[in-house]
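Per UniProt numbering, the very first residue in the sequence shown carries number 1; after that it's consecutive.
It is worth saying that the hints were derived from the structure and are not from the lab.
Where is the CB? At the ideal position from N, CA and C, for every residue including glycine.
Please note that a few of the clues may not be correct.
[Claimed, not checked] Estimated spans, in silico, between C-beta atoms of each pair:
id : residue 1 : residue 2 : range
1  : Ala36     : Ala9      : 14 to 24 Å
2  : Thr52     : Asp10     : 14 to 24 Å
3  : Thr27     : Gly50     : 13 to 23 Å
4  : Ile3      : Ser61     : 29 to 39 Å
5  : Gly2      : Ala23     : 27 to 37 Å
6  : Ala31     : Ala9      : 15 to 25 Å
7  : Glu32     : His4      : 16 to 26 Å
8  : Gly2      : Asp58     : 28 to 38 Å
9  : Gly50     : Leu24     : 14 to 24 Å
10 : Ser61     : Gly2      : 32 to 42 Å
11 : Asp10     : Asp37     : 13 to 23 Å
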Amino acid sequence: MGIHDQITADRMSHACDLLGSTALPVTQVAAECGYADPRYFMRVFKRRMGVTPTRYRDSFSGTLFNTV
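Based on the sequences and whatever the hints tell you, model everything.
This is the structure we're talking about:
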């Protein structure tokens, strides 16, 4: 794994922590993880994690499969 891949992996790990434990907007999570462009952050997150940041967060709150 190259340095760029390691930095991205570290950023994604931090993003997952923030999305799972805070109510920060995705734009703020992107900034906290070092991404100036939230759209780019969302693309990288989806490519790495397989879901959007919002979907990832929803999986923690139980709303992902909530069909009330």
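Each hint, compared with the structure:
no., hint, verdict
1, Ala36 with Ala9: 14 to 24 Å, "19 Å, holds"
2, Thr52 with Asp10: 14 to 24 Å, "20 Å, holds"
3, Thr27 with Gly50: 13 to 23 Å, "21 Å, holds"
4, Ile3 with Ser61: 29 to 39 Å, "34 Å, holds"
5, Gly2 with Ala23: 27 to 37 Å, "34 Å, holds"
6, Ala31 with Ala9: 15 to 25 Å, "19 Å, holds"
7, Glu32 with His4: 16 to 26 Å, "19 Å, holds"
8, Gly2 with Asp58: 28 to 38 Å, "32 Å, holds"
9, Gly50 with Leu24: 14 to 24 Å, "21 Å, holds"
10, Ser61 with Gly2: 32 to 42 Å, "35 Å, holds"
11, Asp10 with Asp37: 13 to 23 Å, "18 Å, holds"
In the structure shown, no violation is registered for any of the earlier numbered hints.
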